[in-house]
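*Asks:* Chains A and B are the protein sequences, given in the same order.
If you read the first sequence in our numbering, its first letter stands for residue 1, the second for the next number, and so on.
If you read the second sequence in our numbering, its first letter stands for residue 1, the second for the next number, and so on.
Treat each hint with caution, since some may be false.
Label pairs and their in silico Cβ distance ranges [what the hints assert, rightly or not]:
(1) Asp159/A <-> Val80/B: 22 to 30 Å
(2) Pro30/B <-> Thr123/A: 36 to 44 Å
(3) Ala7/B <-> Lys103/A: 35 to 43 Å
(4) Gln125/A <-> Ser28/B: 13 to 21 Å
(5) Leu199/A <-> Ile33/B: 48 to 56 Å
(6) Val80/B <-> Ala156/A: 25 to 33 Å
(7) Pro2/B <-> Ser182/A: 37 to 45 Å
(8) Thr123/A <-> Gly100/B: 48 to 56 Å
(9) Pro30/B <-> Arg12/A: 14 to 22 Å
(10) Trp102/A <-> Ser56/B: 43 to 51 Å
Below, a sample of chain A positions facing chain B; criterion: calculated Cβ distance under 8 Å [said to hold, decoys possible]:
(11) Leu10
(12) Leu73
(13) Pro100
(14) Gln122
(15) Pro170
Calculated directly from the structure, the hints in this document are not laboratory data.
Where a beta carbon is used, it is the ideal one built from N, C-alpha and C, also for glycine.
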Amino acid sequence: MDVRSLWRTLDRDTRRGIALVCVADAVVGVSFGAITIGGGLAVWVPVAMSLLVFAGGAQFAAIGVVLAGGSPLAGVATGLILNARHIPFGFAVGDVLGGPWWKRGLGAHVMIDESVAFTQRQTDQRRRRAAFWACGISLFVVWNAAVVAGSIVGSALGDTDALGLDAAFPAVLLALIMPAMSDAHTRLVGLAAAAIALLAAPVLPAGFPVLLAVASVALAARAPRTEIPPTQPLEKAR
Amino acid sequence: MPFYAIALLAAGTYVMRLVGPAMHSRVSIPPQIQRLASLATIAVLLALAATSTLLSGHAFAGWARPTGVLVGGVLAIRRVPFPVVVIAAALTTALLRLGGIS
Numbered sequence: 001m002d003v004r005s006l007w008r009t010l011d012r013d014t015r016r017g018i019a020l021v022c023v024a025d026a027v028v029g030v031s032f033g034a035i036t037i038g039g040g041l042a043v044w045v046p047v048a049m050s051l052l053v054f055a056g057g058a059q060f061a062a063i064g065v066v067l068a069g070g071s072p073l074a075g076v077a078t079g080l081i082l083n084a085r086h087i088p089f090g091f092a093v094g095d096v097l098g099g100p101w102w103k104r105g106l107g108a109h110v111m112i113d114e115s116v117a118f119t120q121r122q123t124d125q126r127r128r129r130a131a132f133w134a135c136g137i138s139l140f141v142v143w144n145a146a147v148v149a150g151s152i153v154g155s156a157l158g159d160t161d162a163l164g165l166d167a168a169f170p171a172v173l174l175a176l177i178m179p180a181m182s183d184a185h186t187r188l189v190g191l192a193a194a195a196i197a198l199l200a201a202p203v204l205p206a207g208f209p210v211l212l213a214v215a216s217v218a219l220a221a222r223a224p225r226t227e228i229p230p231t232q233p234l235e236k237a238r
Numbered sequence: 001m002p003f004y005a006i007a008l009l010a011a012g013t014y015v016m017r018l019v020g021p022a023m024h025s026r027v028s029i030p031p032q033i034q035r036l037a038s039l040a041t042i043a044v045l046l047a048l049a050a051t052s053t054l055l056s057g058h059a060f061a062g063w064a065r066p067t068g069v070l071v072g073g074v075l076a077i078r079r080v081p082f083p084v085v086v087i088a089a090a091l092t093t094a095l096l097r098l099g100g101i102s
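Work out the full structure, taking the sequences as your base and the hints as a guide.
*Replies:* Okay, structure coming up:
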C-alpha cells in the first residue's frame, strides 16, 4: 500500500481534515495513556489495548469501568456495546474493502468513526478508497504513538488529576456526540440515557449503569421514524 | 486490566468490524435496525459522558471536572476545532484545582 499515492488522490480539504483529526486524536491518545498509567495500571495495558482494540471510546470506557472498581468483564461488555456500531459501519464502507483477504483483514482493523466519516464524504470510488486507507493508516500510527507517549509522560507525572486530564475524556465524548444532537429525537434518547445511568450509578457496580442506559432506545420505538439518516458516523472532523 | 479482557474486547471488536466487509454484497441491514444501532451508540456515549463527568466511583466527582467538561461542551456546540475543546476542558479543570477547588 503506497500511502503517498493515497494522499495524492485526495483533495486539499480532505487532506487538511484528516491532519486535523490526527492532531485531535493525538491529544486524546496522550490523555488515554496518561490516565491509564495514573490510575495504577501497567504500561503494557494501554499500549496493547490501543494496538489490538484500536477504538478510543471503547478503550476509555473499559478502562474507566476497571479504574472505578468494576470487573474487567463489565468493562469488556461496555466496550463491545460501544463498538457494535462497527457492524453498520462495515456495511456502509464495505465497497472500499475489496481485494485479497489480508487487505480486507487489515482494512477492517482500521475501520473507525473517523475513517468511515471521511469515506462517506467522497462519492468517487477511487477517492473513497483513498480516504478510507489514508485516514485509517494515519490514525492508527498517530493514535498508537500518542498512547505510548502518554504512558511514558503519565509514569513521570504521577498525578494526572492536577493536569485536568480526567476532564479530557468526557469532553471528547461530548464533542463526538454533538453533531448528532441537532436531531430532537436523538436528543431525547440521549438525555434519557444520561438520566438512567446517573440514577443507576449509586446502586449498580461500575459499567452496568451505562449498559442499562441502552434501554433508553426503547423511547425510539414510540416516536415517528423519520429524522435520522441511517449509519451516520459520529464525526470528529470539522 | 488482565490480558484476557483486552483480548476478548479486541476479538469481539474485530469480528464486528469484519461482518460488514464480509457480507455487504449479499445482505443489507434494514434502515430501522441501522437507526436503532446509531441511537444505541448515542445512548451509550452520552451515558458514559454523564457518569464520567459527574462521578468518581459511586460518589460525586467534585466541581472542577464537571466545570471543565461544561466549558468543553459549550465550545463543542460552537463548533470549535476538536483539539481546542479537549485542551480547554483539561485546562479549566487543572486551573480550578490549582485554585483549590477539587
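*Asks:* None of the hints should be skipped; say for each whether it holds.
*Replies:* Verification of the supplied hints:
A hinted range of 22 to 30 Å holds for the C-beta pair Asp159/A and Val80/B, which are about 28 Å apart. Between Pro30/B and Thr123/A the Cβ separation comes to about 24 Å, which falls outside the hinted range of 36 to 44 Å. Distance hint for Ala7/B and Lys103/A: a CB-CB separation of about 24 Å, inconsistent with the stated range 35 to 43 Å. Range check, Gln125/A to Ser28/B: about 18 Å between beta-carbon atoms, so the 13 to 21 Å window is met.
For Leu199/A and Ile33/B, the hinted distance range of 48 to 56 Å is not satisfied, since their beta carbons lie about 28 Å from each other. Taking the beta carbon of each, Val80/B and Ala156/A are about 30 Å apart, inside 25 to 33 Å as hinted. Here the CB-CB span from Pro2/B to Ser182/A is close to 41 Å, well matched to the stated 37 to 45 Å. For the hinted restraint 48 to 56 Å between Thr123/A and Gly100/B, the CB-CB distance of approximately 55 Å keeps it satisfied.
For the hinted restraint 14 to 22 Å between Pro30/B and Arg12/A, the CB-CB distance of approximately 38 Å leaves it violated. Roughly 44 Å separates the CB atoms of Trp102/A and Ser56/B, a value that falls within the hinted 43 to 51 Å. Annotation: Leu10/A was flagged as interfacial toward chain B, and the flag is violated, the nearest CB pair being 20 Å apart, outside 8 Å. Hint on Leu73/A holds. Least Cβ distance to chain B is approximately 7 Å, under the 8 Å limit.
The beta carbon of Pro100/A is not positioned within 8 Å of any beta carbon in chain B (closest approach about 12 Å), and the interface hint is therefore violated. Contact between Gln122/A and chain B, as hinted, is not supported at the beta carbon level, the nearest pair being about 17 Å apart and thus beyond 8 Å. The interface hint given for Pro170/A holds, since its Cβ lies 4 Å from the closest Cβ of chain B, which is under the 8 Å cut-off.
When the structure is compared with the earlier hints, violations turn up for hints 2, 3, 5, 9, 11, 13 and 14 and for no others.
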